[in-house]
Structure formats: structure tokens, C-alpha cells
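Chains E and D are the protein sequences, given in the same order. Counting from 2, one number per residue, gives the positions in the first sequence under the working numbering. Counting from 2, one number per residue, gives the positions in the second sequence under the working numbering.
Hints listed in this document are in silico derivations from the structure and should not be mistaken for laboratory results. Possibly wrong hints are sitting among the right ones.
[As the list claims (entries may be wrong)] Simulated pairs of lysine-lysine, DSS-like, Cα-Cα distance not exceeding 25 Å:
no., chain 1, residue 1, chain 2, residue 2
1, D, 92, D, 18
2, E, 140, D, 24
3, D, 271, D, 287
4, E, 140, D, 18
5, E, 132, D, 18
6, E, 132, D, 132
7, E, 290, E, 248
2 protein chains.
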Amino acid sequence: MYSIKYLQDKIKTEVEKLDFDLKPRLLYEPIAYTLSIGGKRLRPLLLLMSCDMFGGDLNDSINPSIGVEIFHNFTLIHDDIMDNAPIRRNKPTVYKKWNANIAILSGDVMFAKAYDYMLLTNPNALLNVIKTLNYVAIKVCEGQQYDMDYETEDNISIDDYINMIRLKTGVLIAGSLKLGALIAESSEKNAELIYQFGEKIGIAFQIQDDLLDAYSVNSKFGKSTGGDIVSNKKTFLLLKAFELADKNTLSELKDLMYKLKIDPEEKVQKVIAIYDKLDIKMTAIKEMKSYFDEGLRYLDMIDIKEDNKSNLRNFVNDLINREY
Amino acid sequence: MYSIKYLQDKIKTEVEKLDFDLKPRLLYEPIAYTLSIGGKRLRPLLLLMSCDMFGGDLNDSINPSIGVEIFHNFTLIHDDIMDNAPIRRNKPTVYKKWNANIAILSGDVMFAKAYDYMLLTNPNALLNVIKTLNYVAIKVCEGQQYDMDYETEDNISIDDYINMIRLKTGVLIAGSLKLGALIAESSEKNAELIYQFGEKIGIAFQIQDDLLDAYSVNSKFGKSTGGDIVSNKKTFLLLKAFELADKNTLSELKDLMYKLKIDPEEKVQKVIAIYDKLDIKMTAIKEMKSYFDEGLRYLDMIDIKEDNKSNLRNFVNDLINREY
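Pulled out of the complex, with its shape left as it was, chain E reads as follows (with noise of 0.2 Å):
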């Protein structure tokens, strides 16, 4: 089995020997610019974790996992345009940096590229793995769709959110994770087990970005710390403020929201301190570990050596153990 630090580095390489210095020039640029931002590589590094822990080839994931990291990147650069986001990982987003048709057509071709990766796997998994992407991209796009469809309903319950964040988040990193299993050519029931697995940790580390946003000092991500606060982003906290504020509370909450001048720091002062009255970071942070802890059982019962189980293990573990 290989360590996490030669599985990552593999990628950085893999990624920096993407050539897309082609014609036309406005089509490839996006997707280089967008591919060497970076981010966290988590998908594909998951994709590798998972056939490593199968006993697959390396040779036969490297390509897939390149795969999965051009697809992630591809639904951001129309998620950007769908959101009207400026900044991503401190950068431009494709769509600001040209404009929204650059950033559709771009998207477009690395949808179909990342496909082209997915081919230079194991053929026996070749059906499986074409099937999984489908399977995945098809849900990913449902889930921002329930994303947008909820910025202008109310009353979307945290049923709602989580199916919404599975969707969104957890599908993806679920996939990338049975992708890694189909390539090995593992059991049917292991590869649907570790699906489960990466669905559930996949939901925790959503409800995680949710809290670091709120209660991270410093900015990750990129993002500035209370950005969702400030823009009434329907989180997990939010919602379960909701529930849990009485009339005078949650009066005094949609004030904080919908006031048209408020300065925005005095803005996420306020609406932690509802929070804090409501023990929402608690609440958070206990449905993130049940997930989480989900997560691991549908690991637990995956059915191969404990010993090849801890690398994928122990990497979770530090993600979700982050302090906020």
C-alpha cells in the first residue's frame, strides 16, 4: 500500500502534466487557469486511497482519479456562474475572470474529458465506472438545483439540507471512493459499502464547512469567515436556528437577515450570538459527528483487512478532527 504523501504528490504531478496549451485559446485557458488553482485534491486522492485499499493497480486508478478532479472542477465552474460567485480559493472565478459563456463552454469540455480519463482504467471495470459517473453527475446536478430551488423557498427543513448536501457534496466524494473499489474489482457489497461510507463522511464535512465558516478565526478556504451569515446562506446552522428559536428569537433573527443597511461584521456578531443562545455549534457539531460516525460503521463492515482499512481511516479522522 502506498502513503498518503506519494498518492498526493502522484497527483500534483499527474495535473501538472495536463497540457492544455490548445486552439481555441479561449476555450483551453479557463481550464488550465482552473486546474491549477489547485484546492484540496481530496476526490481524487480518495479515488487512489480506496483502489490502493482493494489491492487495485495504481495504474489503472491514476487516470480516473485525474478524471474525477477535472469533473469536481467543471460542476464549480458552473456552480460559479449559477451563484454569481466572484472568488474562489482567492481567486477569480472562470466566470469573472471571462464571462459566463466562456465559463459554460469550458465546463462543457472538461465534462467530456473527464470521461476520456475514466477510460484509461482496468476494461474489466470500464462499464462500472462509465456507469458511476453518470450515476454521480446526474445527482450532482440535482443537488444544485434543490440548492438554488431553495434560496428562494422557505421553510426547508434540515431533512431538506441533508438530502440537499448529499447531493451536492456527499455523491461525489462517495463515487470517487466506489470508482477506486470498481477499478480493483472489488466485491459488489464492498464497493456499495464504501459508497455508504463516503456519502455519510461526505455529509459531516459539509455540516464542518458550515461551522468553520461561522467560527473559523482566520479565513480557509478562501472564503471570508461569516460569509454565509452574510449572505443569508441557508446552512445547516441556519436552519437549525430556525427550528429551535422561539417567536422572539427567531423575529429578531430575520431582522438581522433581511435589514437592508447593517454593517456586515455587526451582522455575524449578532447572528452567533443567536446561535450561541440556541446551542447551535453543539448541535452542529453533534450531528456532524453521528454522520461521521455513520460513516465509519459502513467501513467497519467492509469486508477485508483491518490493517488495509487505516490508512483511508486515520486520513478521515484528521479531516473531521479539525479545530473550529
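Got chain E; can you put chain D on it based on the hints?
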């Protein structure tokens, strides 16, 4: 072998069977809407005819043919956003009927769905089928980017234009035919020959479209006659006129193009008068026929019984011999 009518009915039945009554509604409604409007269903038909011609099984080609139709409609939905097109096939485009975000995301789902239908085929052909769709998708995007680039660029040559329509129109027609050959497990050489046939007739069809837009008496394709002239679209006709016009005629043409207040009908009439002076119509017909004949020479070279080609040969002959 099957009659064209039978294959067309088969496509119609399969498209009508597609079920997009799914949630979230705003994601799937535009897909059902787009596919219900119809169009000529040319690409799936070519795929089926090609597979049939090479002795392949209709059960292996029908689903990929639906995949190609879904893929084609995905490209139209995204193109319509980029081109600000309000109407297609006499109906509001998805982007107009809903909005750009919905059109982006519904298009993305259709792209993934197209791949799903590609999987329901002859397993021996699977790798080549997916590879071909990837290639086609990337080239179609390149064509669309050149098309957008050329809107604001001067000095577009006829060669630039032909290359652009080759990518934007020729490659998908060529790819559909090649997919049919691959599914039938034709020789590599025959698959390449039918691809070349398709690329050339695709270019011929686009020049024909340019001609019909200027010279057809009634509205065809749900476009109004002369629409390309009104919008200063750089068609084969206009670029050829740039090439052939003397200094005075060129200045007269540019005046008509950039005059701010001009009655559209008057503009169309006067531009066509210039085309007539330069014999553009006949030049375009010659160019179209030349690409068409080049395509037929590739069909001639295909190494199967002449009898088996006649269905496809007659069909494209009928298409190219519409009057204008």
C-alpha cells in the same frame, strides 16, 4: 435492412418513452420540453442507418441513437444561452422560457444522460463508443467557441469558416455515423471512411442551411428568411461576398450591415442584391455540391456490398436536393 420510415418510427417511439417526470422539477421539466419539441432527429437516424448498413443489430444501436439525440439537444440548449437565442423550432428556448441557470444545469444533466444511453450497446464496442462521444463533444465545443470568437473578429477566411462548421456541425453527423459502424463492429477503415463521409456532408448541410436562410421563400427550420442577414451572421454567403466584392461593393455591404436604423426587409433585399451581383448563390451551391460529392467518394470507398449503401445514399441525396 430496415426502411427509413421504420427507423424513424422506432426513434420516435423511443423518444416518447423517455421519462423525465422526475424531481427536482426545474431540472427535468426543461429536458422533457426540449425533447418533446422534436426536430428532424437526423443524427439518431444516421446512427441507426450506419449500424444497419454494416450488419449491426438494431437492439445495440437504438439506445446510443437516443443518446446522440439527447447529446445534440444538450448542445443546442447551451448554445442558445451563449447566442442569446429566444426561439428554436418555433418555440421559446429553455434559456428564454426558464432562465440561463436552469438551461446550464438541465443541459449538464442531458450530457450525463447521453452517456447513460451509450452504455446500452454491444459490450465489444463500448470503449470505442465512449471514446467517440468524448471526441465529438470536445470538437463540438471547439466549434462553438470559434463561432463566438468569429462574431467579433474581422478577416475570417472561408477556410476558417469551413473549419468552424466542420467542428460545430460536421463532427456530430460524422460521429453519429461512426458510432453506428463501431456498434456493428465494422473494420476500423470502414468506420473512418463513414466518419469522413459524414464530416463532408455535414459541411454541405451547413452551407445549404446558409443558402436556405437567405433564399428559401418561406420560413423553414422555424427561422425567418433572411435572419442571418439581419443579424450580420458570418455565413458562407457573407464571407464569400467579402472575398469577391470590389472596394465600392464592400463599402456598400458594410454600410448595410452597420447602419443603425434600417428596415430589416430592406436590408435583406439590398444585401441579396449584392449577393446576386457577385453570383454568391451559385458559388455557394457549387461549394456545397463539392463537399457533398467529396463525401460520396468516401461512401464509395467503403468496403461493403453496394446494395447495402443505397439506403443511406438515397437518403442524403434527397436531403441535399431540396430546392432553394
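Open item on the list: Check whether the Cα positions of residue 290 of chain E and residue 248 of chain E lie no farther apart than 25 Å.
Closed with: violated, 29 Å
Open item on the list: Hint check: residue 140 of chain E vs residue 18 of chain D, CA-CA at most 25 Å. Holds or violated?
Closed with: holds, 22 Å
Task: 25 Å Cα cutoff - pair residue 132 of chain E, residue 132 of chain D - done: holds, 15 Å
Open item on the list: Checking one constraint from the list: CA of residue 132 of chain E to CA of residue 18 of chain D, max 25 Å. Satisfied?
Closed with: holds, 21 Å
Open item on the list: For a C-alpha distance cap of 25 Å, please report whether residue 92 of chain D and residue 18 of chain D respect it.
Closed with: holds, 22 Å
Task: residue 140 of chain E paired with residue 24 of chain D [C-alpha distance capped at 25 Å] - done: Roughly 11 Å between the alpha carbons, so the hint for residue 140 of chain E and residue 24 of chain D holds.
Open item on the list: Does residue 287 of chain D sit within 25 Å of residue 271 of chain D, going by the straight-line distance between their CA atoms?
Closed with: The hint holds at about 23 Å.
Of the numbered hints given earlier, the model fails hint 7 alone.
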